[in-house]
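Undergrad: This is what each chain is made of:
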Amino acid sequence: MRHILYGGDYNPEQWLDRPEILEQDLDYMIKAHINTVTLGMFSWAALEPEEGEYHLEWMENIVNRLYEHGISTILGTPSGARPKWMSDKYPEVLRVNENRVRNLFGGRHNHCYTSPIYREKIRGINTKLAKRFGGNPGVVLLHISNEYGGECHCPLCQEAFRMWLKDRYTTIENLNKAWWTTFWSHTYLSFDQIESPSSMGETALHGLNLDWKRFVTAQTADFTLHEIRSLREGGAEQPTTVNLMYDYAGLNYDKLAECVDIISWDTYPVWHKKEDILTARDNGLQHDYMRSLKHQPFLLMESCPSSTNWQGVSKLKRPGLLSAASFQALAHGSDSVLYFQIRQSRGASEKFHGAVIDHSGRDDTRVFQEVTQLGDGLSRLSEIVGSKVNASAALIYDVENRWAMEDSQGPRNDGLFYHEAVVKSYQALRRQGLDVDVISEQQDISSYRLVIAPMLYLFREGIEEKIRRFVESGGHFVMTYWSGIVNSTDLCYLGGTPHGLQDVFGLERTETDGLYDGEVNRLIPSENSGLSKEYECRNLCDLLKVGTAEPLLHYGREFYQGTPAVTKNRYKGGTAYYIGADAEQQFYDEFYQVITNEIGMKSLIAGKIPEDIEVTSRNTEKFRYYFIQNYKNEMVDISCMNLTGEVIHGDNKEELAAYGTVIVREEV
Amino acid sequence: MRHILYGGDYNPEQWLDRPEILEQDLDYMIKAHINTVTLGMFSWAALEPEEGEYHLEWMENIVNRLYEHGISTILGTPSGARPKWMSDKYPEVLRVNENRVRNLFGGRHNHCYTSPIYREKIRGINTKLAKRFGGNPGVVLLHISNEYGGECHCPLCQEAFRMWLKDRYTTIENLNKAWWTTFWSHTYLSFDQIESPSSMGETALHGLNLDWKRFVTAQTADFTLHEIRSLREGGAEQPTTVNLMYDYAGLNYDKLAECVDIISWDTYPVWHKKEDILTARDNGLQHDYMRSLKHQPFLLMESCPSSTNWQGVSKLKRPGLLSAASFQALAHGSDSVLYFQIRQSRGASEKFHGAVIDHSGRDDTRVFQEVTQLGDGLSRLSEIVGSKVNASAALIYDVENRWAMEDSQGPRNDGLFYHEAVVKSYQALRRQGLDVDVISEQQDISSYRLVIAPMLYLFREGIEEKIRRFVESGGHFVMTYWSGIVNSTDLCYLGGTPHGLQDVFGLERTETDGLYDGEVNRLIPSENSGLSKEYECRNLCDLLKVGTAEPLLHYGREFYQGTPAVTKNRYKGGTAYYIGADAEQQFYDEFYQVITNEIGMKSLIAGKIPEDIEVTSRNTEKFRYYFIQNYKNEMVDISCMNLTGEVIHGDNKEELAAYGTVIVREEV
Amino acid sequence: MRHILYGGDYNPEQWLDRPEILEQDLDYMIKAHINTVTLGMFSWAALEPEEGEYHLEWMENIVNRLYEHGISTILGTPSGARPKWMSDKYPEVLRVNENRVRNLFGGRHNHCYTSPIYREKIRGINTKLAKRFGGNPGVVLLHISNEYGGECHCPLCQEAFRMWLKDRYTTIENLNKAWWTTFWSHTYLSFDQIESPSSMGETALHGLNLDWKRFVTAQTADFTLHEIRSLREGGAEQPTTVNLMYDYAGLNYDKLAECVDIISWDTYPVWHKKEDILTARDNGLQHDYMRSLKHQPFLLMESCPSSTNWQGVSKLKRPGLLSAASFQALAHGSDSVLYFQIRQSRGASEKFHGAVIDHSGRDDTRVFQEVTQLGDGLSRLSEIVGSKVNASAALIYDVENRWAMEDSQGPRNDGLFYHEAVVKSYQALRRQGLDVDVISEQQDISSYRLVIAPMLYLFREGIEEKIRRFVESGGHFVMTYWSGIVNSTDLCYLGGTPHGLQDVFGLERTETDGLYDGEVNRLIPSENSGLSKEYECRNLCDLLKVGTAEPLLHYGREFYQGTPAVTKNRYKGGTAYYIGADAEQQFYDEFYQVITNEIGMKSLIAGKIPEDIEVTSRNTEKFRYYFIQNYKNEMVDISCMNLTGEVIHGDNKEELAAYGTVIVREEV
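Chains as they are written, first to last, in the working numbering: chain F, 22 to 689; chain A, 22 to 689; chain W, 22 to 689.
Keep in mind that the hints are not guaranteed to be accurate.
Copies of the same chain look alike in the list, so a pair counts if it works inside one copy or between any two.
As the list claims (entries may be wrong) - Cross-link-like lysine to any residue pairs, in silico, SDA-like; alpha carbons within 25 Å at most:
#1 Lys409 - Ser509
#2 Lys409 - Met22
#3 Lys52 - Leu77
#4 Lys52 - Gly516
#5 Lys187 - Asp109
#6 Lys629 - Gly159
#7 Lys643 - Met22
Source of the hints: derived by calculation from the structure; they are not laboratory data.
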């Protein structure tokens, strides 16, 4: 791509009887510097109104008309919402829930991924779309379905699940052992006996639950590949993407990432509810997670130009926030700013979802003005397209780990706070001006200097060895409480934890105490810790038996008062830190400062970073681009940051307006 | 009617084997000045114990015996609870829920309104009842079923729904357009494809949801008419009523009101939980709503002489409160005070619901004494029967508007507070001593001087024109935030809102901000506003672009600080006010004072109305009756009210006892 | 038994492929002074892996190997969790829920108690077990199933329910009258028409709901007897037990107690969340309830040596607490301390449930050390085995009463607090150093001096006469608000309450006021009451009309201010006290002090009992054993207790360590 993609989802099929509105839309898009729209995602009923009767001409006309005016199209496949005739004629395309009841027609995201008929039907329409649009220069990207998610428990899926298990375990004895089915006498005699988890049936076997989730991902990925194959068969050669969702635990995105060429995602933060910088950090973590899936620029596929109607409160974005949020995507590695949606629908459940063009149909609205101004700014920043983020720190945030940990009973069914634990470390690093990758257990870690693994409960095969080698080779590894407890089928390790790494960390976890809501313990620093304050911790406290590790902080309360809570262990070339309790944010902020000082990791910025300011960078071979963003609703003095380089966006290097962004370019 | 109806629901079928108890009941009724009972509502199993075997003689005996002692009967049709033999033999009479699962036998309000068999069965019993009691002088009113409500999703209802839609839209294209089905590709090819909304199927089409609710009302009204036709066929010519419920959103009561001669309703306020005057206001609003359905006197059909067992807490009524609550009904236009129930049942789910005669079976109970004293008082007030309320102010509280607004996603799924918004305006008018009608959008408004439309989200066809003409003709119209947004199928208006009335109000709504729970903005009065204090607002804030309107208050916070929040627009002969935000009660109190002063609307009372006192009036051609009620649990000095006229109930015009009522009569 | 049973549940079937682990377990058990394990409860799939193929040899080997080392076995029947092949082949063994949907395979406690096939299958395995282990000297007790509970609504159960009802009522007219079915026209024409309660059908008939619960108990007891018969058929003559659960309302344990020889129960208190002494009192009440079921020593069948993984928070037990909790069982009449579980499972839903041997497999853990030390202590206390508790006070806590009261609508659907009311009286008595029996309405009360009946809403047949005779004969009886309201089919008594005892208590309840959450009334003592402070009361206040009774306290607020709230009536030889309101704990503490002083009931201890100390006693013909337990996490001076006798466990009679226990033996 040559420029930042700007635009978003567009649903002209809702307005085909109002050509003057479609014309008006085109004028407005041009005015707003829009260069890209996404078409087709919810158009199946318009593209194939009756079985086998295809009507693609209206869409072709629109694609061409847009292209004439410099607007490219991202072509969506319509599998996310199926026409009524299909479920009426072929009920097997409808999902079956965990209680084994088949859905009625309605909503979206509701098809069975296994159904041969549904696969045949999507093949039909995808092939037609590919034939018609494969060679169309206006179509630049193929967008597979929409926000894949959900699961189906129909007989076809049950059968597919059994095949998948057979493939994984070969014999039923292996499976019984891996799932520990002797507990409560749930031993299986054959693969045919296996059924998916259900609250009306089996929920007690964590291995079954975990493998079911893996299967759902596998089946979804398989369906994705089926969609892509259909497009390729039809002759479309454009790159592919799927749009992912915020902190979504329904699928393992690693597997979807392998299916497509480009990662894209949909971001809908709840702004102005807490301090905006906190919301921005949480959203930034997701950007970094999406970027790290392929370590390539990604696309911001959906975001809302105004308020989001399906959240609890439809909060308006304050002036400037739209720009800040959009630039944040770029700052973290996106090559696009795309909205849901260009024009607001008149009816149905998202009719109040914000849009570039609202029901008033005017271009003097506050939102349209901001969209236009932003479009203008982005149009001058084509040089950053394709630039990369080079992070020397990484956080491990692993969805399989999350599945297993949250499904387990204990040590805290009232809340484990995994996401929060990840965010705490993330925030601490960002406050020090460090770029961060957010990766799964499967990724390579050898190129980082600092890797952090909060609550790494489930050790996937080989992770012990990977961590050991990383530390041996001089890496600095931080792990927290409740780590290294189970193997990849959620069987507890025998012989002490963290499994296989007791020598690396120089300690053993002997017990874990759960704290009631509101209950607090204290962390007291040792003299050698580099810290001087005391901190609070909550929720979970590991009790540690220390070998070679050096205690940095110890507990201040309870019967384990005085025992080590945070430790450091020099192991061969590197260091292994262990944080034994769910400490407050301030601890993480100050603790990572000590670590990064010690190991000499430098902030992106020479000077001091004021509160509410986010700093990130992107790199080309020639330049480094610094993004300085202000998430405070007032002007902030940034002269203390001692920025050097050339301002290519924004006003200056001294002051940053409310929700303002400045981009500074430096030669490498 | 010649006197105020006093008495209530009576279930002698529970005691047929205890004739001494039935005799005792009669003595007690006479003692308590009871002149009316309701019979038959839950007697089907006693009236037709086996299919086609009717036993009406026991009820005839009771009706006659009561009549001999001056006690009239309201005859209920028994459709509200069906005998067991019927559901066993004809399962189609049982309702099917939205998940398409048929109920088992049990509870009440559980029959399919569409089932031809159920209709035939109710026709059978109703005809028999009519034949037996049509000419009985003891039977004065026909009470159709009991608290109609609920819905059925059975195949018969699905088919009836499709027919109803076909009748409404003629072509499927019209329906598709009205429901905006292109969204998510839900386009229908024929009416046969349509199914009722379900959480397991379609919920995203607001037009479908809204029409389904309309259909449920239509089908219930059709069933009501079927019941009435059966009675008429059998020769009963007494007037008819249905008993309605507090703030019930399951049906559009406008449509039921058209089916019957007299409105009646069942009131069960939660007393003593907050200040009693607030509970009384809320209940008073309902009385006014019920009266305004036909602009005729209504009947209080059910109320509890003691504590209500199905609420969270069975709170006893303090001495005097029973009288206050009963007189409130009269004060707002009722010609009756009726209880559920005369005698407490021994078993089943309402066995602890309060009654005139409780399980002790004694007449020296506190409750029986209060009931008797009240009966005595009412027996002296026959002259007010038939008198009317002439209100010059009206509030629009529209159930279709509520359906649509609450079903929509956004702008505040965490709570819109429609009911609360209506109550705020209602309270403010009542505090100024104004009688108020509470009407739907369908009613005529030309006769009022002041009409208030809080949150009139959905504009039914023609309402814009009605409002315009009202203001043109010198009327004063108040509308609030989130008004004029959608048409009658919940499609958003294009071209700006409030739809069709931007000139009348002299402004346009450009955006609506949702505030998080606990978030507050401020309303700052302009010098010309007549107000001097600042007020808080919450939940929703319209952003307004003002044309000819005069800003009265503006926002004090957020990026729209300083922009207009409340405005006034002189339009031809009248004035159109717009309240842009969900303001606190005090704002409404003081704002309406300014308006009524300005337009010269006078309180019913010359003097000052003390806190906790409610004032209302009823009128005949000759007299006006003022009802002054004290909702404080202590004596209040009311001399400041400067009451004139003759005291016909209560002690005097100077002091009002705790929970006391004084009625003053003045010649017109 | 000759010694205290020490050990717990053991699941070697999970480790049959790891013989070295089983050997290790044996070594550890010996080390920890374990003398008893429970086997077989979840072993069905290992014992009968395919239909009719029995494999009992592995278990026999383990039983024998344990026995060789002095460890006895409690043999569990495996009905609590059934193998997969059985539900696959015979779906009728799966339960059907109240919505008439059959469960899938999974979990435990999931079989139909009525199914002839399930009964045949359990007969098969039980007979085999009995044949193999009936004569094995290592097997000392037969443990029937595991924590019986739950219900099934399948057609077989419906039919059995109808038979049970026919047996109870003989004619349908009797049933209609008992259930008051005329209410809402639910009259039955025959027993065939009856179906179990369902939220999709009938819930309004309290008599039906109550009888359904009785039937579920009856059917469970019948199943228990079926299991026992099968064991006896197979030749096993060991005594039997079932393990009961904390405050379980699903079954009437009186009926299960009749089926077996020995009572046992599973205790999992939530420690360290509130003051430990309060948790201990609540748990102590359960111990006393379990002991009173047969007035014999019981067994503590399950308890957790560490943290319990299925509770909200897996809280570690502080050092010493395990010992305190274990000794509490003994102090209240247990002859065992048994754990769930000896070895932690590696997988499935209880993998983090605490165990004697945890995943580390080590014997130097904190938990293993405490278990060992405790085992050592217990091994020296064999003399207390078989000793009894002789209480002169009893509390009535009746599950049928609870079923009826909690199912009824009113007077406080937001909470009646029955359990709390029982605990308040219990705590007050315990604080005075009195041993207490906790009994149902069915038990004999003639041998007690003081009997307390909190909220005795439902009077089972004959209870009035029993209470009357108790008081006549010089007994002291305390009853509270909301007592004597309904008969055994939940029909309200006519003619005043408390039914049949108005002369004994010298008063009548006229009304009951429900107080909203947070609402408070006051109790003001009369001069003659022996009390001087005022107390708060909440939730429920009876209004009383006093005859011969002497008012002791009166209400301080509301319209019933000044009327009696607590009374005392001398009736023939005894006294009848009535507590009319839900008073705070302090009232109960001080009120019972007045009563026990008056009637001369002595504390177990001559001196003063410090806060946080529990005192209990057990008796043989020769000795009385006093258990003094400290539930404070610090040393407490107990010299004020003036203990005499010989210390047989613990340090001395002067000071008690944190969570410490001292046992003192005195000759009788």
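Undergrad: Among the hints numbered above, which are violated by the structure, and what are their numbers in rising order?
TA: Of the numbered hints given earlier, those the structure breaks are 1, 3, 6, listed in rising order.
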